[in-house]
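**Q** Below, each chain spelled out in residue letters.
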Amino acid sequence: MVNKIERPLDVLNVSKGKEVLVQLKAGKQFVGTLLAFDIHINVVLDNAKEIENGEQSKSYGLTFLRGDTIVFISPSAAASN
Amino acid sequence: MVNKIERPLDVLNVSKGKEVLVQLKAGKQFVGTLLAFDIHINVVLDNAKEIENGEQSKSYGLTFLRGDTIVFISPSAAASN
Amino acid sequence: MVNKIERPLDVLNVSKGKEVLVQLKAGKQFVGTLLAFDIHINVVLDNAKEIENGEQSKSYGLTFLRGDTIVFISPSAAASN
Amino acid sequence: MVNKIERPLDVLNVSKGKEVLVQLKAGKQFVGTLLAFDIHINVVLDNAKEIENGEQSKSYGLTFLRGDTIVFISPSAAASN
Amino acid sequence: MVNKIERPLDVLNVSKGKEVLVQLKAGKQFVGTLLAFDIHINVVLDNAKEIENGEQSKSYGLTFLRGDTIVFISPSAAASN
Amino acid sequence: MVNKIERPLDVLNVSKGKEVLVQLKAGKQFVGTLLAFDIHINVVLDNAKEIENGEQSKSYGLTFLRGDTIVFISPSAAASN
Amino acid sequence: MVNKIERPLDVLNVSKGKEVLVQLKAGKQFVGTLLAFDIHINVVLDNAKEIENGEQSKSYGLTFLRGDTIVFISPSAAASN
Numbered sequence: 001m002v003n004k005i006e007r008p009l010d011v012l013n014v015s016k017g018k019e020v021l022v023q024l025k026a027g028k029q030f031v032g033t034l035l036a037f038d039i040h041i042n043v044v045l046d047n048a049k050e051i052e053n054g055e056q057s058k059s060y061g062l063t064f065l066r067g068d069t070i071v072f073i074s075p076s077a078a079a080s081n
Numbered sequence: 001m002v003n004k005i006e007r008p009l010d011v012l013n014v015s016k017g018k019e020v021l022v023q024l025k026a027g028k029q030f031v032g033t034l035l036a037f038d039i040h041i042n043v044v045l046d047n048a049k050e051i052e053n054g055e056q057s058k059s060y061g062l063t064f065l066r067g068d069t070i071v072f073i074s075p076s077a078a079a080s081n
Numbered sequence: 001m002v003n004k005i006e007r008p009l010d011v012l013n014v015s016k017g018k019e020v021l022v023q024l025k026a027g028k029q030f031v032g033t034l035l036a037f038d039i040h041i042n043v044v045l046d047n048a049k050e051i052e053n054g055e056q057s058k059s060y061g062l063t064f065l066r067g068d069t070i071v072f073i074s075p076s077a078a079a080s081n
Numbered sequence: 001m002v003n004k005i006e007r008p009l010d011v012l013n014v015s016k017g018k019e020v021l022v023q024l025k026a027g028k029q030f031v032g033t034l035l036a037f038d039i040h041i042n043v044v045l046d047n048a049k050e051i052e053n054g055e056q057s058k059s060y061g062l063t064f065l066r067g068d069t070i071v072f073i074s075p076s077a078a079a080s081n
Numbered sequence: 001m002v003n004k005i006e007r008p009l010d011v012l013n014v015s016k017g018k019e020v021l022v023q024l025k026a027g028k029q030f031v032g033t034l035l036a037f038d039i040h041i042n043v044v045l046d047n048a049k050e051i052e053n054g055e056q057s058k059s060y061g062l063t064f065l066r067g068d069t070i071v072f073i074s075p076s077a078a079a080s081n
Numbered sequence: 001m002v003n004k005i006e007r008p009l010d011v012l013n014v015s016k017g018k019e020v021l022v023q024l025k026a027g028k029q030f031v032g033t034l035l036a037f038d039i040h041i042n043v044v045l046d047n048a049k050e051i052e053n054g055e056q057s058k059s060y061g062l063t064f065l066r067g068d069t070i071v072f073i074s075p076s077a078a079a080s081n
Numbered sequence: 001m002v003n004k005i006e007r008p009l010d011v012l013n014v015s016k017g018k019e020v021l022v023q024l025k026a027g028k029q030f031v032g033t034l035l036a037f038d039i040h041i042n043v044v045l046d047n048a049k050e051i052e053n054g055e056q057s058k059s060y061g062l063t064f065l066r067g068d069t070i071v072f073i074s075p076s077a078a079a080s081n
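Chains as they are written, first to last, in my numbering: chain A, 1 to 81; chain F, 1 to 81; chain P, 1 to 81; chain G, 1 to 81; chain V, 1 to 81; chain Y, 1 to 81; chain D, 1 to 81.
Because the hints were derived from the structure by calculation, they are not lab data. We treat Cβ as the ideally placed atom computed from N, Cα and C, and that holds for glycine. There's no promise every hint is true.
FRET-style restraints, in silico, Cβ to Cβ [said to hold, decoys possible]: (1) G:Lys58 <-> F:Arg7: 49 to 57 angstroms; (2) D:Ala26 <-> Y:Lys18: 22 to 30 angstroms; (3) D:Ala26 <-> V:Glu55: 19 to 27 angstroms.
Derived PhoX-like pairs: lysine-lysine, alpha-carbon spacing no greater than 20 angstroms straight-line [to be verified]: (4) Y:Lys4 <-> D:Lys16; (5) D:Lys49 <-> D:Lys18; (6) A:Lys28 <-> Y:Lys49; (7) P:Lys28 <-> F:Lys28; (8) G:Lys28 <-> P:Lys58; (9) V:Lys18 <-> V:Lys4; (10) P:Lys18 <-> P:Lys49; (11) A:Lys49 <-> A:Lys25; (12) Y:Lys16 <-> Y:Lys4; (13) V:Lys49 <-> V:Lys25; (14) D:Lys28 <-> Y:Lys28; (15) G:Lys4 <-> G:Lys16; (16) D:Lys25 <-> D:Lys4; (17) D:Lys4 <-> D:Lys18; (18) Y:Lys4 <-> D:Lys18; (19) P:Lys49 <-> G:Lys25; (20) V:Lys49 <-> D:Lys28; (21) D:Lys28 <-> D:Lys58; (22) P:Lys28 <-> F:Lys25; (23) P:Lys58 <-> P:Lys25; (24) G:Lys49 <-> G:Lys16; (25) V:Lys28 <-> V:Lys58; (26) F:Lys58 <-> A:Lys49; (27) Y:Lys4 <-> F:Lys25; (28) A:Lys25 <-> F:Lys28; (29) F:Lys25 <-> A:Lys49.
Generate the whole structure from the sequences, applying the supplied hints.
**A** The structure is reproduced here in structure tokens:
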């Protein structure tokens with residue numbers, strides 16, 4: 001996966017249809033299947049679940065996350081949740 | 001619904017006329033019927049109700065929400081409120 | 001009123017000359033008659049009054065509110081104040 | 001004054017040469033004579049005075065205020081200070 | 001000085017080479033000789049001194065101040081420090 | 001390395017494929033191999049690890065970091081972690 | 001040095017290759033040799049050292065600092081550290 005990544009958004013592109021972990025500025029974390037993203041890093045997750053203290057606390061299903069609230073997105077980290 | 005989503009704003013488009021949950025940066029949550037949105041993620045809800053501790057606390061009716069105060073929008077989560 | 005709303009700013013347009021409730025990021029709320037707005041959501045209220053704990057605390061008369069300090073604007077909610 | 005206001009900046013235009021009250025994000029308030037403004041809502045006040053707890057606490061004279069620190073500007077409210 | 005001011009930046013222009021007081025968002029105040037400014041309100045002060053509780057606490061000499069950290073700039077107020 | 005640096009992004013360019021330390025605004029630090037960056041300073045790290053109190057606390061693997069959450073990036077500092 | 005400064009960035013230009021003090025919004029200060037800067041005030045320092053309570057606390061070596069986290073940059077102040 002790593003050798004396909006020349007620009008930052010390539011990570012999001014190769015993660016489409018896969019589980020990702022999204023860290024928000026307010027401290028919340030979400031895991032869910034990455035369906036779509038744009039250059040503002042607005043993202044859409046399916047089966048989005050909020051993570052608190054390492055455990056899934058709430059299910060939001062299909063969710064639009066506004067890009068400017070996102071700190072990082074990790075496809076690998078989601079696999080271990 | 002999921003297979004129509006290629007870009008993030010598609011989620012908002014397929015949610016028009018349906019109930020959505022909107023999480024604001026200041027911690028407040030709103031539920032209401034999504035009437036309109038734009039590329040800044042400014043949204044208009046009809047029958048907007050504020051949610052506190054999982055319960056509806058205030059009714060605002062027709063409400064314009066400024067995009068830069070929004071963290072996420074979930075059409076699915078509103079169904080369970 | 002709702003069936004005229006195709007874009008978010010349409011809510012502000014149909015609310016011109018009517019009372020609106022404006023929620024600011026710093027926690028303050030204003031009610032007043034909406035005289036004007038622009039695409040930055042800068043708004044002008046006439047007979048602007050600050051609301052604290054559900055009661056009108058201060059009168060500001062004609063007031064210009066800078067758009068980036070606004071969380072939401074509700075024409076319906078103002079009617080009940 | 002109100003019937004000349006079609007766009008938000010019209011309020012600032014009709015207030016040139018008059019006393020205005022300026023609320024800043026950090027909580028401070030200024031009163032002073034509005035000399036100039038631009039589309040960023042940068043403003044210049046003459047005889048600017050800081051208001052604390054409803055009383056004038058410091059005099060700053062001619063002062064440039066950066067637009068992105070401003071919450072609201074009220075020509076009417078200044079008259080009652 | 002006041003009758004030369006038609007646009008906000010005119011205040012900075014007529015203050016070049018003179019002492020100004022600069023209030024920063026983080027609460028700090030600087031006084032110094034205004035050498036240069038641009039449309040972002042980035043400014044350069046010579047002999048910049050930090051003010052704490054009305055007294056000069058530190059000397060920074062020639063200093064570049066980033067515009068988005070500035071609340072207000074007053075040429076008059078500096079004269080009284 | 002230093003004599004190749006004429007513009008700020010040159011530091012990121014010469015650090016591609018090397019370990020870097022990334023300081024986030026929220027206080028967190030990451031170390032990882034820099035794979036990609038863009039003009040917004042969005043960066044991609046491989047083998048990203050969070051640092052707390054000087055020790056590696058969590059592994060995130062391949063991670064996209066949004067540029068506007070970044071304070072500084074140091075290729076040298078990572079070497080000593 | 002002062003008479004070469006017509007625009008704010010001129011201060012950074014005449015400081016290339018010299019020690020500068022950089023104040024960050026989060027309260028941290030860095031000193032280091034200024035290698036490069038751009039119009040966003042992104043800067044690169046060599047031999048960057050963090051300053052806490054007037055003493056050098058950590059060495060970061062070559063470091064990229066994102067412009068929007070910077071409050072001020074002083075070439076003179078660095079000389080006295």
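**Q** All hints are to be evaluated individually against the structure, with a verdict given for each.
**A** Hint check results:
1. G:Lys58 <-> F:Arg7: 49 to 57 angstroms: holds (52 angstroms)
2. D:Ala26 <-> Y:Lys18: 22 to 30 angstroms: This hint holds: roughly 25 angstroms between Cβ atoms.
3. D:Ala26 <-> V:Glu55: 19 to 27 angstroms: holds (25 angstroms)
4. Y:Lys4 <-> D:Lys16: This hinted pair holds, its Cα atoms lying about 14 angstroms apart.
5. D:Lys49 <-> D:Lys18: holds (14 angstroms)
6. A:Lys28 <-> Y:Lys49: Holds, because 18 angstroms separates the two Cα atoms, which is no more than 20 angstroms.
7. P:Lys28 <-> F:Lys28: Distance of about 14 angstroms is within 20 angstroms: holds.
8. G:Lys28 <-> P:Lys58: Given pair G:Lys28, P:Lys58 holds - Cα atoms ~16 angstroms apart, limit 20 angstroms.
9. V:Lys18 <-> V:Lys4: Holds - the C-alpha atoms of V:Lys4 and V:Lys18 are around 16 angstroms apart, at most 20 angstroms.
10. P:Lys18 <-> P:Lys49: holds (14 angstroms)
11. A:Lys49 <-> A:Lys25: Holds, at about 16 angstroms.
12. Y:Lys16 <-> Y:Lys4: Since the Cα atoms of Y:Lys16 and Y:Lys4 sit roughly 14 angstroms apart, the hinted pair holds (cutoff 20 angstroms).
13. V:Lys49 <-> V:Lys25: With Cα atoms ~16 angstroms apart, V:Lys49 and V:Lys25 stay inside 20 angstroms; holds.
14. D:Lys28 <-> Y:Lys28: With a Cα-Cα distance of about 14 angstroms, the restraint between D:Lys28 and Y:Lys28 holds, given a limit of 20 angstroms.
15. G:Lys4 <-> G:Lys16: holds (14 angstroms)
16. D:Lys25 <-> D:Lys4: violated (28 angstroms)
17. D:Lys4 <-> D:Lys18: holds (16 angstroms)
18. Y:Lys4 <-> D:Lys18: holds (17 angstroms)
19. P:Lys49 <-> G:Lys25: The hint holds at about 18 angstroms.
20. V:Lys49 <-> D:Lys28: OK: V:Lys49 and D:Lys28 at ~19 angstroms, within 20 angstroms.
21. D:Lys28 <-> D:Lys58: holds (11 angstroms)
22. P:Lys28 <-> F:Lys25: Roughly 15 angstroms between the alpha carbons, so the hint for P:Lys28 and F:Lys25 holds.
23. P:Lys58 <-> P:Lys25: Roughly 18 angstroms separates the two Cα atoms, so the pair holds.
24. G:Lys49 <-> G:Lys16: Roughly 17 angstroms between the alpha carbons, so the hint for G:Lys49 and G:Lys16 holds.
25. V:Lys28 <-> V:Lys58: Within the cut-off at roughly 11 angstroms; holds.
26. F:Lys58 <-> A:Lys49: violated (26 angstroms)
27. Y:Lys4 <-> F:Lys25: With a Cα-Cα distance of about 42 angstroms, the restraint between Y:Lys4 and F:Lys25 is violated, given a limit of 20 angstroms.
28. A:Lys25 <-> F:Lys28: holds (15 angstroms)
29. F:Lys25 <-> A:Lys49: Judged against 20 angstroms, a Cα distance of about 18 angstroms means the pair holds.
Consistency note: the structure conflicts with the earlier hints numbered 16, 26, 27.
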